[in-house]
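Undergrad: The chain contents come next:
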Amino acid sequence: MVVGLITADLRFNGLQRTRALIDTLVLPVYWVADIPSRIGDWKETHFVSRTTLQEESERLRRENLILEGRTQQMASLQAENVRLRALLNSSALLRDDVLVAELIGVSPDPVRQQVVLNKGARDGVYVGQPLIDASGLMGQVVDVSEFSSRVLLITDVTHSVPVQVNRNGVRAIAEGSGSLSALEIHHVSATTDIRVGDLLVSSGLGGRFPVGYPVAEVVSVERDPGQPFAQILARPSAALDRSRHVLLVFTAGQAEES
Amino acid sequence: MNQRAQGYWVVMASLFVAAVLAVLPLPPWLAWGRPEWLALVLIYWCIALPQRIGVVVALLSGLAMDVLEGAVLGQNAFALSVLALLSVALYQRLRVFSLWQQAGIVFLLIGIHQLICQWVQNLQGIGERSLLFLLPALTSALLWPLVLFLLRGLRRHFRVA
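Chains A and P are the protein sequences, given in the same order.
Using this note's numbering, you'd call the opening residue of the first sequence number 1 and step up by one each time.
Using this note's numbering, you'd call the opening residue of the second sequence number 1 and step up by one each time.
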C-alpha cells in the first residue's frame, strides 16, 4: 500500500488535494516549533533601549526621504518607458501586486531547500507563485494548504530558474546546487561574455517568474580549455537563510489561470 | 474498555512533541545530525505497549511527517512502519536488554529507517551521496537513554496501559 503511495506521489500529481488536507491538519506543529523565534522577535521589539529606537527612527526617516526622492523620478521614468515601448511596438510592462507573508518553518531535511509560509489558499496563494524578499528572488510555491504554503527555494537541487545577465542580456539557466549560498549555471559556452560580478536577473522566459527581479551575482567563472562549457557559480541575491518577512508576487494574468 | 484505553493522550502528546522537535529549526552545521525524534518515541511506545501501539500508529504519524518535511508522500510512513513492525517483533528481547544494548538496537533500527528514507529520496533523485545520512542513527542511539527515562517516567506517572 505504501509502495503504491510512493509511486503515485512520484509519478502523478493526483495527491495534491490529500497533501493539502494533511498539511492543514499538521500546521499546529509548525506553529509550536515557531514559538521560540516568535519570543525572540517579541523580545527584540519590546526590550530595546530608547536611544536605539531613536537612532533607528532617525535612520528610517533618512532612508524614507531618499526613497521618496527616487520615486519622484520613477513616475516620470515609468511614463517615459511606456512611451518608448509604445514607439517600439512592444507590450507594456505591468506592475506586479505583492502580498507580505511570514516564514513559519524551514524543511528539517538538509537535502530539501523548502520553507513554509503563513499564507495559504485563503489568501489567494497559488501553486507556482513566485516569492521574493527585499533583495531578490527566493523561490516558488509548490504546495498550498488552507492556511499555509510550502515554497521551493531557488537553491534546491531540483529547481532551475531562467536568468539573463543584466549587463548584456545573455540568457542562461541557473540551477540549484543544494547549498543555500550557491547557484550553478550550466551549458554556457566557454566564449560567452559572463564575468565575475555580473548581476543575473530573472528573464521571464518559461512564464513562471516575472521579468527583472535580481536572482544572483556571479562569483566565479572557470574556463577549462578541455571542457565545452564554462563552469559558473553565482551567489543568490536574496537572503535565503535569513529573511523572515517575504513577498508573494501576483503576476498579472497568472493568478486567474490557476 | 475505558480501563484499557487509559492515558492514550499521553502517547499522542509525546508524538506531537516529537514532531515539533523534528521540525525545529537548527543551525546548518547541526542539520545532518538531527536525531529522529519521532522514530525514537515510536520505538519506545512499541516496546512498552506492543498490544496498543504498532504499525498503524506508525503509518499515520509517518504520513504527517512526510507532509511536514515536504517529502514524497509515503517515505516516512514506509520507514516508520517497518521500524514499528521490527520493534513490535523484538519487544520481548528488547525489554530485558541492558540500556546500552538497547541503544545498539536503536542504532540499527534507525539506521534501517534512514536507509529506507535514502532509497526513496534516491528514487526522487535528491539523495545524499556520502554516508552522512547515517549520522542521525548515531545521535538517536546516544539520546535513547534520555528518551527512555523521560517516557518511562511519563508512563508510570500517568499510568498509561
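If you are wondering where the hints come from, they were derived from the structure by calculation, not from laboratory data.
Glycine included, C-beta positions come from ideal geometry on N, C-alpha and C.
A hint or two may mislead.
[Said to hold, decoys possible] If the Cβ cut is set under 7 angstroms, some of the chain P residues that face chain A in the computed set are:
(1) A19
(2) A22
(3) L24
(4) P25
(5) W29
(6) A31
(7) A64
(8) V67
(9) E69
(10) V72
(11) L73
(12) A89
(13) I126
Undergrad: Could you work out which of the previously given hints the structure breaks and list their numbers from low to high?
TA: 5, 12
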